[in-house]
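Undergrad: Spelled out from the first residue to the last, the chains are:
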Amino acid sequence: MVFAECGNPTFYCATFKRNIMAKYSIQVNGKKHEVDVLEDMPLLWVLRDVIGLKGTKFGCGKALCGACTVHLNDDAIRSCSYPISSVGDARITTIEGLSEDGDHPLQQAWEKFVVPQCGYCQTGQIMNAAALLKRNAHPSGQEIEQTMQGNLCRCGTYNRIKAAISAVAGTSSSASK
Amino acid sequence: MKIFAPFQKKKNENIATEVFSASRRDFLKVGGLLTGGLVLGVSFFSCNEKGKKIVSIAPNVYLQIGSDGKVTIVAHRSEMGQGIRTSLPLIVADELGADWNTVRIVQAEGDEKKYGNQNTDGSFSIRQFYKPMREAGAVARLLLIRAAAQRWKVPAEECDTEKGQVVHKGSGKKLNFGELVEAAKSLPVPAVSEIKLKDNSKFNMIGKETPIVDLHDIITGKAVFGIDAVTDGMKIAVIKRCPVVGGAVKSFDDTKARAIPGVIKVIAIKGPGLPATLSKPLSGVAVIAENTWAAIKARDLLEVEWDLGPNAGYDSAKQIETLKQEVTKNGTVRRKRGNFQAAKAAAKKVIDHTYVAPYLAHATLEPPAALAVVKNDSCEIWACTQNPQGAREAVAEALAFQVDKVKVNVTLLGGAFGRKSKPDFIVEAALLAKESGFPVKVQWTREDDIHHDYFHALSVQRIVATIDNQNKLSGWDHHIAYPSISATEDSAVVQPSDGELGLGATDFPYDVPAINVETHDAKAHLRIGWLRSVRNIPQAFAAATMMDEVAEARGMDPVSNALELLGEDRNITFNDELVKTTYPNYGEDIASYPWEIARMKEVIRRVAKESGWGKDLPKGSGLGFAAHKSFLTYVACVVEVMVDTNNKITIPNVYYAVDCGLAVNVDRIRSQFEGGAQFSASLALKSMITVKNGQVEQNNFDGYQIIRMPESPGQIHVHIVESTAKPTGIGEPPVPPFTPALCNAIYKATGKRIYTLPIDMNA
Ligand code: FES
Ligand code: FES
Numbered sequence: 001m002v003f004a005e006c007g008n009p010t011f012y013c014a015t016f017k018r019n020i021m022a023k024y025s026i027q028v029n030g031k032k033h034e035v036d037v038l039e040d041m042p043l044l045w046v047l048r049d050v051i052g053l054k055g056t057k058f059g060c061g062k063a064l065c066g067a068c069t070v071h072l073n074d075d076a077i078r079s080c081s082y083p084i085s086s087v088g089d090a091r092i093t094t095i096e097g098l099s100e101d102g103d104h105p106l107q108q109a110w111e112k113f114v115v116p117q118c119g120y121c122q123t124g125q126i127m128n129a130a131a132l133l134k135r136n137a138h139p140s141g142q143e144i145e146q147t148m149q150g151n152l153c154r155c156g157t158y159n160r161i162k163a164a165i166s167a168v169a170g171t172s173s174s175a176s177k
Numbered sequence: 001m002k003i004f005a006p007f008q009k010k011k012n013e014n015i016a017t018e019v020f021s022a023s024r025r026d027f028l029k030v031g032g033l034l035t036g037g038l039v040l041g042v043s044f045f046s047c048n049e050k051g052k053k054i055v056s057i058a059p060n061v062y063l064q065i066g067s068d069g070k071v072t073i074v075a076h077r078s079e080m081g082q083g084i085r086t087s088l089p090l091i092v093a094d095e096l097g098a099d100w101n102t103v104r105i106v107q108a109e110g111d112e113k114k115y116g117n118q119n120t121d122g123s124f125s126i127r128q129f130y131k132p133m134r135e136a137g138a139v140a141r142l143l144l145i146r147a148a149a150q151r152w153k154v155p156a157e158e159c160d161t162e163k164g165q166v167v168h169k170g171s172g173k174k175l176n177f178g179e180l181v182e183a184a185k186s187l188p189v190p191a192v193s194e195i196k197l198k199d200n201s202k203f204n205m206i207g208k209e210t211p212i213v214d215l216h217d218i219i220t221g222k223a224v225f226g227i228d229a230v231t232d233g234m235k236i237a238v239i240k241r242c243p244v245v246g247g248a249v250k251s252f253d254d255t256k257a258r259a260i261p262g263v264i265k266v267i268a269i270k271g272p273g274l275p276a277t278l279s280k281p282l283s284g285v286a287v288i289a290e291n292t293w294a295a296i297k298a299r300d301l302l303e304v305e306w307d308l309g310p311n312a313g314y315d316s317a318k319q320i321e322t323l324k325q326e327v328t329k330n331g332t333v334r335r336k337r338g339n340f341q342a343a344k345a346a347a348k349k350v351i352d353h354t355y356v357a358p359y360l361a362h363a364t365l366e367p368p369a370a371l372a373v374v375k376n377d378s379c380e381i382w383a384c385t386q387n388p389q390g391a392r393e394a395v396a397e398a399l400a401f402q403v404d405k406v407k408v409n410v411t412l413l414g415g416a417f418g419r420k421s422k423p424d425f426i427v428e429a430a431l432l433a434k435e436s437g438f439p440v441k442v443q444w445t446r447e448d449d450i451h452h453d454y455f456h457a458l459s460v461q462r463i464v465a466t467i468d469n470q471n472k473l474s475g476w477d478h479h480i481a482y483p484s485i486s487a488t489e490d491s492a493v494v495q496p497s498d499g500e501l502g503l504g505a506t507d508f509p510y511d512v513p514a515i516n517v518e519t520h521d522a523k524a525h526l527r528i529g530w531l532r533s534v535r536n537i538p539q540a541f542a543a544a545t546m547m548d549e550v551a552e553a554r555g556m557d558p559v560s561n562a563l564e565l566l567g568e569d570r571n572i573t574f575n576d577e578l579v580k581t582t583y584p585n586y587g588e589d590i591a592s593y594p595w596e597i598a599r600m601k602e603v604i605r606r607v608a609k610e611s612g613w614g615k616d617l618p619k620g621s622g623l624g625f626a627a628h629k630s631f632l633t634y635v636a637c638v639v640e641v642m643v644d645t646n647n648k649i650t651i652p653n654v655y656y657a658v659d660c661g662l663a664v665n666v667d668r669i670r671s672q673f674e675g676g677a678q679f680s681a682s683l684a685l686k687s688m689i690t691v692k693n694g695q696v697e698q699n700n701f702d703g704y705q706i707i708r709m710p711e712s713p714g715q716i717h718v719h720i721v722e723s724t725a726k727p728t729g730i731g732e733p734p735v736p737p738f739t740p741a742l743c744n745a746i747y748k749a750t751g752k753r754i755y756t757l758p759i760d761m762n763a
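Note that the protein sequences, when read in sequence, are chains W and V. Per the UniProt record's numbering, the first sequence starts with residue 1, numbered consecutively. Per the UniProt record's numbering, the second sequence starts with residue 1, numbered consecutively.
Honestly, the hints are just simulated from the structure, not real lab data. Hints are supplied without guarantee of correctness; some may be wrong.
[Unchecked claim] Derived coverage of chain W by chain V (criterion: at least 3 residues anywhere in the stretch with Cβ under 8 Å from a Cβ of chain V; other residues may be distant):
| hint | stretch |
| --- | --- |
| 1 | 104–111 |
| 2 | 114–126 |
[Claimed, not checked] Keeping only pairs whose Cα atoms sit at most 20 Å apart, straight-line, the calculated EDC-like set for lysine to aspartate or glutamate is:
| hint | chain 1 | residue 1 | chain 2 | residue 2 |
| --- | --- | --- | --- | --- |
| 3 | W | K62 | V | E697 |
| 4 | V | K256 | W | D40 |
| 5 | W | K112 | V | E697 |
| 6 | W | K62 | V | D214 |
| 7 | V | K256 | W | E111 |
| 8 | W | K112 | V | D468 |
| 9 | V | K222 | W | D40 |
| 10 | V | K648 | W | E145 |
| 11 | V | K222 | W | D103 |
| 12 | V | K208 | W | D40 |
From a predicted model like this one, the values you see are computed outputs, not experimental measurements. For every residue, glycine included, the Cβ atom is placed at its ideal position computed from N, Cα and C.
So that you can see chain W by itself, here it is in the shape it has in the complex (with noise of 0.2 Å):
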């Protein structure tokens, strides 16, 4: 089976070809960035790589993993194929800009149920389930595994992925503890 579309989240396919520098104000965690950037470069490498920003992750750079997952606006995006020139002035949330400290719900919940593994899907899964608690506050066990089929995690955290976020959601959780 291919999983060609990642469960909900928008992504656009660019088509890389051109090679011109452009200068963009963008929006990220309530912040103005201008950068200087190549006109096609993905918003994760904007993020990572020019603002410094590391919380979201480069998994495999084709939207098929969801390690790059950030929000534009209310919607979760793969980060690594979105050019920058598509942002506008819409507002980016990465990981960094979830919540002041730690203290979103979904984040209390991953220290509640000890998710993380390695750790490094984690983010993306996070914001991943936060985007979708925001459509949907109470989603069915179904809707959680159709949101969350587009985050990989190599470690295999994904029963408890699955139990924390139904905490959240006050939906049935289903821990393997």
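Go by the hints and put chain V with the ligands onto chain W.
TA: Positioned in the frame of chain W, the structure of chain V with the ligands alone reads:
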């Protein structure tokens, strides 16, 4: 420089501990430690059975108690999701009686002189360091107790520690560690022989659930992985590597690449040719640019002419066909008990099957990345490495620097599974930093990672089992062919090593009168490495699914069949039956870590009980069983499967019973088993690397798939057998038994036997 596979390690002698007061000069060298306070260096040395010192392994761990009472512990093992940065310091802290909330963990850089062997592989960190870590904590505790006893003028025996304080039992007097630091510093450091370890019942954290120390940083995006390393003036390198192992760059045209704004330099890297080695970079052309995106774009525009070398015609499907023929012939005998041919001649029933498993890639979610800064004759590295010392030596060799001029800082690892014990990507960074004059971070893309991994080797095995007219399993004939890890260092090697066979083939534990293990030639055409549980994966897949057929042929329940065939409770060694070798036992002395049949039976009984083995399930559902010991840990597994009319596989429940000796951090044992089941589900259901014209055919997570949430095992129930035996590994042992248990469950549900991985229900 030599990288050893985890199971090839020389036998470990016993490890003893010596604790000393660290001088200012000592601890200043340890990055991240505060000055002042009480600083103890803990040196581990190997010794013979009588405790006589053989080699000093130098101070491995530093422990500091500040005048503010805060405790700092330097962790010397790499964190890659297994929780070791939590579990090892937790052992020290529990024995010391520290307040865990005030314990700070600092990651040690790679330095064998200072920290001893730091290679984090083979599930052996807890196994080796459990006792030494406790002793270190106990020495510090005694020192603080003596300081308090002197001040209170009471006997030291009447005092104890608790939550960062020394407490006098009689009077209830209390002093914080911080208040005792100055006095403790002036006392002589007690010898290990003077201390008494806590009784297990007094543990506050060992055996309980302690969240991982990096948890908050991870969920807020602050955790620093290899890919996140930065330094001033850093440039990014992305490399186009030769698509065929053993090939080399002939010439290249970088005109188009250089047209990308931000590109700074293009540099070719010379490869080792063949053997490809476990440490050297592949031949390729690197683009160095201002940012990752420019480097990726420009790399893709490089036009390289390759000399593809002798592996250019290699086809993995063809090799599998060849090996299927090979395993029907006579091979090289590696274990022999009784007379298999006679057993076969007298058999009432002969079961004969061939098992095929593909190449696998590690696909750590964090692709390899390393940052190198070279100044004159010294080099500093930041990298996600399992093996900082191996990296250090490999870098020193590549740059022709003194080893002590190379410093390796270990970041968090975004998954490793064996991939990040190879320093090839770190050497790339070092070479490019030296050549370009810039600090360089090498970034692998996912495609690079899938194309150029140190792969888990494909395998073909044939097992012939014979049932005699007493309905007994009378003979077991296991034929094995796969490219060996050793071939990556020595191209002449065409047969599995004793170490590889000791991972689930020659250590077949069942009491069968005739056992024959034979190996066959299989040449390596890729870089072969080790992947979480290594050869246990295919070897347990073949053996444990065949055992299910044996049970069926005998008209027995698979659990009763396994319990019966394990035979009497006793310790086994295999040694008399192994040809020209002894059982490697994961590098441990078999006297200290015996193969105990009773413990294996216990986990089997336990998993049967917990899973409701034997219960009725609806049509299309089934339970499957497998048991497998690896890395000295006993595991039994039951998988429940549902297969619908479209052949869609759902796994609602997985049950594990595990005996890993004393359970140090229960939550991390659980999480390793949960993750181990998911990891095994990927390789059972999804993952496969194929090679054509010497080149890997998959590119990214679309072609090389790993399990996603909707199809992943639903509930994973982990039952830990209570034990006071020495703790053993937990990172790898969950993986091997899951896949055969799943295959056996599918048979129960559908009547279809699985002989080829990944599972294809329509084949
Ligand atoms: S890095 Fe963007 S989806 Fe994988
Ligand atoms: S926690 Fe390691 S990849 Fe998800």
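Undergrad: Each hint should be assessed against the structure and marked as holding or not.
TA: Structure-based check of each hint:
Given as covered by chain V, the stretch 104–111 of chain W passes the check, having 3 residues with a CB less than 8 Å from a CB of that chain where 3 are the minimum. With 11 residues carrying a beta carbon less than 8 Å from a beta carbon of chain V, the stretch 114–126 of chain W meets the three-residue requirement, and the given coverage holds. At most 20 Å may separate the alpha-carbon atoms for a hinted pair to count; K62(W) and E697(V) meet this at roughly 17 Å. Between K256(V) and D40(W), the direct Cα distance comes to roughly 17 Å. Compliance with the 20 Å bound is thereby established for this hinted pair.
Annotation: proposed proximity of K112(W) to E697(V) is violated, straight-line Cα distance about 41 Å (limit 20 Å). For the suggested pair K62(W) and D214(V), the alpha carbons sit about 28 Å apart, so the restraint of at most 20 Å is broken. Using a Cα cut-off of 20 Å, the hinted pair K256(V) and E111(W) is violated, with the two alpha carbons roughly 48 Å apart. Between K112(W) and D468(V), the direct Cα distance comes to roughly 56 Å. Violation of the 20 Å bound is thereby established for this hinted pair.
The straight-line distance between the Cα atoms of K222(V) and D40(W) is roughly 27 Å, outside the 20 Å bound, and the hint therefore fails. Taking the CA atoms of K648(V) and E145(W), the gap is about 16 Å. The hint holds against a cut of 20 Å. About 14 Å separates the Cα atoms of K222(V) and D103(W), which keeps this hinted pair within 20 Å; it holds. With a C-alpha separation of about 50 Å, the suggested pairing of K208(V) with D40(W) is violated against the 20 Å cut-off.
Hint check: violations occur at hints 5, 6, 7, 8, 9 and 12; the rest are consistent with the structure.
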